Amino acid sequence: MGSRTNHVIVVGAGLSGLACAIYLTASGREVTLLDRRTSVGGRHSALDIDGYRFDTGPVTPLSPAQIAAPFHAAGERLQDWLELLPLDTVCRAHYPDGTTLDVSTDHHRTAAAIRALCGGSEARAFMRYLKARPLRVPGEVFFNNARTQRLFGSSSFFGFNVLGMGWHPRGGTEAIPRALGSLAEKLGVNIRMNTAMRRWEINSGRAVALHTNEDERLTADAFVFPPEGTPKANGPSHLVIHLGTSASYTRIAHHNVHFGKAWQRSKHEISRRGELMSDPTVLVSAPGVTDGSAGQGHYRVVVPVPNLRSAPLDWQGPATRTYAGEIVATLEARGYLDLGVGLTTSYVVTPGDWAKQGLPYGIPRSPSGRATRIHPSLSNVVIAGSGLSAGRTAAEKVVAL
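According to the numbering used here, the residues represented by the sequence shown are 22 to 422, in order.
None of the hints are false.
Under the rule of at most 20 Å between Cα atoms (straight-line distance), these lysine to any residue pairs were calculated in the SDA-like manner:
| hint | residue 1 | residue 2 |
| --- | --- | --- |
| 1 | Lys282 | Tyr344 |
| 2 | Lys377 | His65 |
| 3 | Lys377 | Pro248 |
| 4 | Lys282 | Glu353 |
| 5 | Lys418 | Glu249 |
| 6 | Lys377 | Thr59 |
Honestly, the hints are just simulated from the structure, not real lab data. Please read all numbers here as calculations on a predicted model, not as lab measurements.
Work out the full structure: start from the sequences and follow the hints.
Here it is as structure tokens:
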């Protein structure tokens, strides 16, 4: 181990920073982890309101293997820190004609459900689609039936593929960074919350120290920083409505996509015209279906809306609440009876809120173009991308310095 990288400062205690700190500590480095927030997790935080715990961060598809990797690197077992609850029915699609289609973790069951509703040719198309998934071919090109085209083409709308949501962390997504933070503490990472970086100090092409918001000068052999600037970002934004209600429903799965009649028009309204959907397609997640700790009557409603580049709408005004109310009324008309009547708690996250969290144009998913790399002019600085894999890559680059 080179003496130049004995002590490393990592800025940002999101998934990437937490993973990086764990990998570095497991490799024998001394690590200080800084974050300006009050708790670890970055954007993946939770909000407690009236007895409900809402995951307020963006949806981030992560496989169990990705989550387990930092724990394994530290000689730990994932199951000792975090419980992943499998979803039997991953997603239920609800169509305007009243039919439904279940996507299961068992691909043969999914194919059988497609065959029963859409015919054998669509079931065979689904099996071909599975084989081509690593190539990232758009899902809708494999299918001819409007139902399957909508379902497997909805990833561009919601930012994730329905086949990649086969589990749920007990306690919600926020439980992932919480477990990583606890592991980092056990390993001896010096985690300092409420500590923001004001500037860094440079000498002879190397960073030698950073200065905090408390006028403290911290030195290290190497540094890991989050990226600066606004990268490229495409796709819709999301209005997310968190609801707590006394109403409960028996015909829903953990995740439910409710399609409007005008699917193509809805996509055109958002992506081409910068308008709100006149016939909304929405995603309703009900964690209480799977996770008893979430409680019943706890729903997360995701509504695709134009991003702030295509339509800089005023999301701070009363129109936001009006539109959220229209979405609740739409869901009531689609089977969520008395959803509004039983409503006790609501919390709305807008594209403007996503933008304040550093997500370009209010698009709530990890931006593209943020590959982990060595700083172009500072030899001991690594710029880390987003996510667990980026944290691992950042640690590898530090170790190789």
